[in-house]
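On the provided structure of chain A, position chain B as indicated by the hints.
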Amino acid sequence: VTGKPPPEAGPGIAPRAWLIWSLAAVTVALSTDNPVYRGLVALAAVNVLLTWLPRGRRVRPLALALLFAAGLAALINLIAGHSGADVMVRLPGDWPLIGGPLTVESLAYGGVLGLGLAAALLAVAPLSLVLEPHDVVDAMPGPLERTGIAVATSMNLVSGFGRTFTEVSDAQRMRGWRPRGLRSWNEVLVPVVLTAIEDSVRLAEAMEARGFGAGRRTSYAAASWSRRDLLVVGAAVGAAGLFIGLRLAGVPVDWYPYPTLYLPPINPVLVLGCLALAVPSLSMPDPARPPASAGPDGANG
Amino acid sequence: VPADEASLVAIAGATTGGSPASSTAPAAPGPSPSHGSGVDPGLLIAAVVGGGLGGLALLRLAAARRRAT
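Residue numbers (our numbering), protein chains in the order written: chain A, 1 to 301; chain B, 1 to 69.
Bound conformation, chain A alone:
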């Protein structure tokens, strides 16, 4: 059922505009090896995320995950890549894989890899922290609708899995269970996996009862785009196009610190392109707005 479109697009940014912004930011972050551009994309994404983060949602788990992932990437490149002229430490050569010189250049390039990972994850973070799962489904174009449903369902399963794990481990502790070695975790993991399977079967039955797969997904209210949405999308697509276009034109956008370190080349136009990704953070959301959208009642398909 498609109802009459509301006069205003609402206080938030349209889900599809979020999706396009995320894709553009990921494109920029992964289209260059330059740490300056990657760092600017990460900073822009942090600003956008903090501006639009709904109340009650925390960024600490995301920050810890980013630190872990980026640190691991830097560490792996440091100990596995032995290129570079400036040697910090020399490990014995007979140590498999990690034996050999550990260089400043490997550490720097590992940091760039970690920074790219962090920037890409921060770029897609609004899809899970700002939007509701049904918003993500609505943001997908028609041919990718089923993919969107699968992604949204898996996002729900992750949080459900964590919740079940906490509940089961609390219940087992109340029965006197204590973690003693790896084998003792069977008593927690088996009920958690069984519960996850049961939840999946129940979810599949609910989706079938609601007509999943019978036709196109419908919604009660048709979303329209505001000028802000158009501005966000235009700036994001422009930034991504700028990076791709300049790369195709032969402008240096990468930084490769081997064999010796040097300052990364910086193009002011590309810096402004990164700044364009921060456009969603320029306007503050309405404090009275609902967390991310009108809620699941807006979608019934």
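Since the hints were derived computationally from the structure, they do not count as laboratory data.
Fair warning: there could be bad hints in the mix.
Take a look, some chain A residues computed to stay more than 10 Å from chain B by CB distance [claimed, not checked]:
| hint | residue |
| --- | --- |
| 1 | ALA69 |
| 2 | VAL89 |
| 3 | PRO143 |
| 4 | GLU145 |
| 5 | ALA150 |
| 6 | VAL168 |
| 7 | ARG183 |
| 8 | ALA196 |
| 9 | GLU198 |
| 10 | VAL237 |
| 11 | LEU272 |
| 12 | ALA278 |
To spell it out: a stretch of chain A is covered by chain B in this simulated footprint if at least three of its residues, at any positions, have a beta carbon under 8 Å from a beta carbon of chain B; those stretches are [to be verified]:
| hint | segment |
| --- | --- |
| 13 | 48-58 |
| 14 | 120-134 |
Some chain B residues well away from chain A (every beta-carbon gap over 10 Å; in silico) [to be verified]:
| hint | residue |
| --- | --- |
| 15 | GLY38 |
| 16 | ARG60 |
| 17 | THR69 |
Note that CB positions come from ideal geometry on N, CA and C, so glycine has one too.
Just chain B now, with coordinates in the frame of chain A:
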């Protein structure tokens, strides 16, 4: 014979494209951003933009913490 060794090294250097006599690391492939005492304008703009975005992020983080408490 030293002369033969030198010619072999020279041939090896020519076939691999390297300089047989140089033992130092080759120059960095990228352009040097600062020439002389001048400041690279790209670096300056990046520092200003990065500092602005970083400062704004810190302010937003402080505001979010204040709202949460």
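We went through each hint and held it up to the structure:
1. ALA69: At about 19 Å from chain B, ALA69(A) clears the 10 Å cut-off, so the statement holds.
2. VAL89: The assertion about VAL89(A) holds, with a minimum of 18 Å to chain B.
3. PRO143: holds (36 Å)
4. GLU145: holds (34 Å)
5. ALA150: holds (32 Å)
6. VAL168: For VAL168(A), whose nearest Cβ neighbour in chain B is about 29 Å away, the distance exceeds 10 Å, so it holds.
7. ARG183: holds (40 Å)
8. ALA196: holds (31 Å)
9. GLU198: It holds; GLU198(A) is separated from chain B by about 35 Å at its closest Cβ, greater than 10 Å.
10. VAL237: holds (20 Å)
11. LEU272: Non-interface label on LEU272(A) violated, nearest chain B Cβ at 8 Å vs cutoff 10 Å.
12. ALA278: violated (6 Å)
13. 48-58: holds (count 4)
14. 120-134: violated (count 0)
15. GLY38: Non-interface label stands for GLY38(B): nearest chain A Cβ at 13 Å, farther than 10 Å.
16. ARG60: Non-interface label fails for ARG60(B): nearest chain A Cβ at 4 Å, not farther than 10 Å.
17. THR69: holds (12 Å)
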